[in-house]
Amino acid sequence: MKGHAEIREMIDEFWRMPVGRERIAVAEAAIRHADALDDPDLSFAARLAATDAYSGPTRSYLRDADHRMLVAFSWCVAEYDRDPSRRSAWEVYALRWFFKNAVVVMRDNPAVPLDRIRSVLDRMKALYQANGQSRHAVDQYRWELELQVGNRAEQDRLYDAWVSAARDENSVCDHWDLILQMTHLTNRGREEEAAELAIPALSGEPSCTRPCHLLGAGLLFLARAEVLTEAMEPFLRTGRLSEAAYAHHLAYRRMRRAHEKRQIAESDRMGEIALHIRFCAITGNESRGLDIAETYLDALEQMPKPEDEMLFSAAAAQVLRRAAERGRTTVRTGGRTAEAAEMGEHLAERATAIAVRFDARNGTSTQCDRVASWLTAEPLTDRLPIFPPITDQALPQTTSHDGSPGSI
Amino acid sequence: MSASSSFQVDLRGIVDLLSNHLYTSPRVYIRELLQNAIDAITARHVFEPDAPAWVRIETPEHTGDGTLRVHDCGIGLTERQVHELLATIGRGSKRDDGGFARHEFLGQFGIGLLSCFLVTDEVRVETRSADGPTICWTGYSDGRYSVGQATTTRSAPGTTVTLVPRRGSEQWLAAPTVAELARLYGSLLPFEVRVGDTTTTDGSLPWATRIGEPHALRRARLIEYAQESLGFTPLDVIDLRVPQAGLTGVAFVSPIPVSPAVKAAHRVYLKRMLLAECTEGLLPEWAFFARCVVDTSELRPTASREALYEDELLETTRQALGDQLRDWLARLAATDTSRLHAFLDVHHLSVKALALHDDEMLRIVDRWWPMETNMGAMTPAELREHHGVIRYCATADEFRQVAAVAAAQGLAVVNGGHTYDSQILERLPELDEQIVVGRLDPSDLTTSLDLLDPGEESALRAFVASAQAALDGFGCEVVVRAFEPAGLPALYLIDRFAVFAQQLLATKERVDDLWADVLNAYDSIGADTRPQLILNHRSPLIRRIIVLPDSELVGLSMGALYCQALLLGHHPLGPADSALLDHSFLGLLDHAVSGKDVV
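First to last, the protein sequences are chains Y and A.
Under the numbering used here, the final residue of the first sequence carries the number 1620; numbering is consecutive throughout.
Under the numbering used here, the final residue of the second sequence carries the number 601; numbering is consecutive throughout.
These aren't lab readings, by the way, just hints derived from the structure by calculation.
Since the structure is predicted, the reported quantities are computational estimates derived from the model, not experimental observations.
Careful, some of the hints might be misleading.
The calculated DSSO-like cross-link candidates involving lysine-lysine, where the alpha carbons are at most 27 Å apart (straight line), are [unchecked claim]: (1) A:K265 to Y:K1473; (2) Y:K1337 to A:K510; (3) Y:K1214 to A:K510; (4) A:K510 to Y:K1312; (5) Y:K1337 to Y:K1312.
Across the chosen pairs, the derived CB separations fall in these ranges [unchecked claim]: (6) Y:T1395 to A:L453: 55 to 65 Å; (7) Y:R1294 to A:L569: 45 to 55 Å; (8) A:G528 to Y:P1296: 26 to 36 Å; (9) Y:Q1475 to A:R341: 50 to 60 Å.
We put the CB at the ideal spot given by N, CA and C, even for glycine.
Whole structure, please, built from the sequences with the hints as guidance.
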């Protein structure tokens, strides 16, 4: 039997551990032992740890991580509501932060009803307001939901609200914020503004004023690669062709390396990989797009997030169909060879099925429309060469990049 | 002739920027002055390879008038260049967003001079280039400057920078401080630097091979270097070389375990000038057992020149260095197993982290790293040799539940709860298809225990029903099997699905309807699984309990067995369990001392 001190030590050890599957066992054990002592404060601390352990890219090694996270988190919320005064400032901060994780996970699961998600967002807002926090985080996460729903008026209203709100300790880090800005602008046809935001990422690693993660538990965040991935299409559509090619080359290579070194699971970031496949398809690089799709096809079976699975399936389906038309009739997957056309059809159905579930939950046709447009994507340019620069001096010459004085 | 005018930019603002936002301490001014001098000499040697090469710093003790003077015999500046320099400073230094170092001499010179204003309000530069006139420039921190031909002519090309101390900053110009800083930053500089009469340069890189020096002697010299400058005696010394980054150096293997969370602190020299003593990001994350001392000519510093800029070259370098450390480990495994063991004892976490994605390291772990099993410590290779299939429990808790009984069954199980062990075992089949690795859930153990034959099974039905009834409130399933050791009457097994099922139930009761709805949206994997209390039919005690006529006694016995099984498996006892323990214990005690017959 473990006593209070031992369990506290377990929880302290948890927060010292690097992010990974080992943490989960420690947190789960802490919960079991804390519950046995019938000490709600200790159980709360253990469940906060568990919430963190289940958050992030855990799907690849724990199928029901999201469910477990919500179980732990909702317990914490209930305990907090029961007596808010018992919680320390740090615990309340953690609770505010984890509300964001909860909302994301719920949004990603088409089985969770829309009104429940909106209610949880209301609860989140109430908590933030009660604590006198900035509206940035709440409005941003509301916006992300409305983006998926496709409610344009709400998207615009909420975007305006969060883009100018003060960032605080509850906010995502600068470059993720940047990516979300770009997402909105691209979604609303403001590609020029989106492209401008991404230009600094071409020349170097964006620096961050805030951590990307909660409480010191580092998640690998491919900051520059993610910004550049989001930037590819805006660059392309605003005529910045060499920037677009460079962005694709750099970002894909960075992600591929992270996957090869198993720093992150291949099924993590499939949404970004999907963007790369699509980029290849719309720049006349279908063969390359197919190569990328082939590389990641097996990872589809390793529990990616539904939206990622949907996008990857759509992008891969499109290149597979094209390939089949052009004579590349087979594709390697799961250690065997499959018919490209057949695989393409299967993936198209798979993408559509997920889109249907999201749309049914949201009451709109946004995701089905999105998948349909991806499945029928046509090249925007003639074949755009993708090659690495010979030296760093060969960076694309962009118009708004200047060495302004006083910028020591 | 002299002309007075003002900088177009408020120098105070720039100085403020430098000291508050760029440099971490005024002491960098020595580094900047040294860098200017070195660059000037290097530039001169391009045209005059046989020109002299020295830098002399005179502190107030030598100058007599309280000033600090830095003399170099470098290329000097022409009058036109001095004016260009002023224009450069006036415009502000042209730096890219990323703060790349400029290879242009003038730009660097300007920044170097500006850093002097961290410790002084007046800087005089007297310089002569080739056969040109001696130019004198004086600048003040309030923005005034004057420039013109000097009254006295320098006898040779070169530059002298004179700093007039500011009140309160005298200690920065004092001889001991200046000498210490010159040695700190410039001990590896290629040209001789003297502060007063003290030479502060060593003349060569510590790891440079000396002609005719035996390998063993070089190694001893480097170990001594580590002891003196880094403060520890390394387990081993590894040569490093990355031509693409113009990098040479050594890595020292720490003799004590290093926490992965501690930021690695490497000493990096940039073109033989110290960049930083505690640079992060030079090695890959798994290489936290090594501290490096390197010199590089191509890696870029950040704007403050106190850290390395995170760009492609640094990433390539990092990978190359990682490869060299890894190759060293592989060589150890092949040629020096005692040193490998010494290394693994201290740094197994590093190696295991690496083994997660590196096959060579995985082989090393497989062959050399003993893991905890229920049959003693064994390397995975040994385990395979003696037992064939590798079975592991994912957590220490699960291992504890099954260890003893599995061993009694002759089943070898690895405690995969140690960091990385589970993942490493799962990866082993990638080395060799013949290797079979499987995770053992506690409930899997049940299936490996012997069933009773159908006759015995049906005879026990009534007993099992009453035993189950006694424990119904505790949510576990009563099952009878036959297993070793016979001395163990009961075993409690709970796998993680059952644990989660319990928690889900408990949580749904605590949270409000909104959250309950959310939780219900998810399918529960294995929601029906319950923990199991497995009664051992081989245990004489169990056989006696089975035939007890007194149902109250059966109930008390079941309660006692249940609690004992919980304790034995290191499971936590909740309040209800503790109450049952009390009740059973006292109840049985009562029976035992009341004189009733216990069959």
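Going down the list of hints, with the structure as the test:
1. A:K265 to Y:K1473: Holds, because 21 Å separates the two Cα atoms, which is no more than 27 Å.
2. Y:K1337 to A:K510: Cα-Cα ~23 Å, so holds.
3. Y:K1214 to A:K510: With a Cα-Cα distance of about 26 Å, the restraint between Y:K1214 and A:K510 holds, given a limit of 27 Å.
4. A:K510 to Y:K1312: holds (21 Å)
5. Y:K1337 to Y:K1312: holds (11 Å)
6. Y:T1395 to A:L453: 55 to 65 Å: holds (58 Å)
7. Y:R1294 to A:L569: 45 to 55 Å: violated (32 Å)
8. A:G528 to Y:P1296: 26 to 36 Å: For A:G528 and Y:P1296 the Cβ distance comes to about 35 Å; the hint holds.
9. Y:Q1475 to A:R341: 50 to 60 Å: At roughly 29 Å between Cβ atoms, A:R341 and Y:Q1475 fall outside 50 to 60 Å, so the hint is violated.
Violated hints, in rising order: 7, 9; the structure is consistent with all others.
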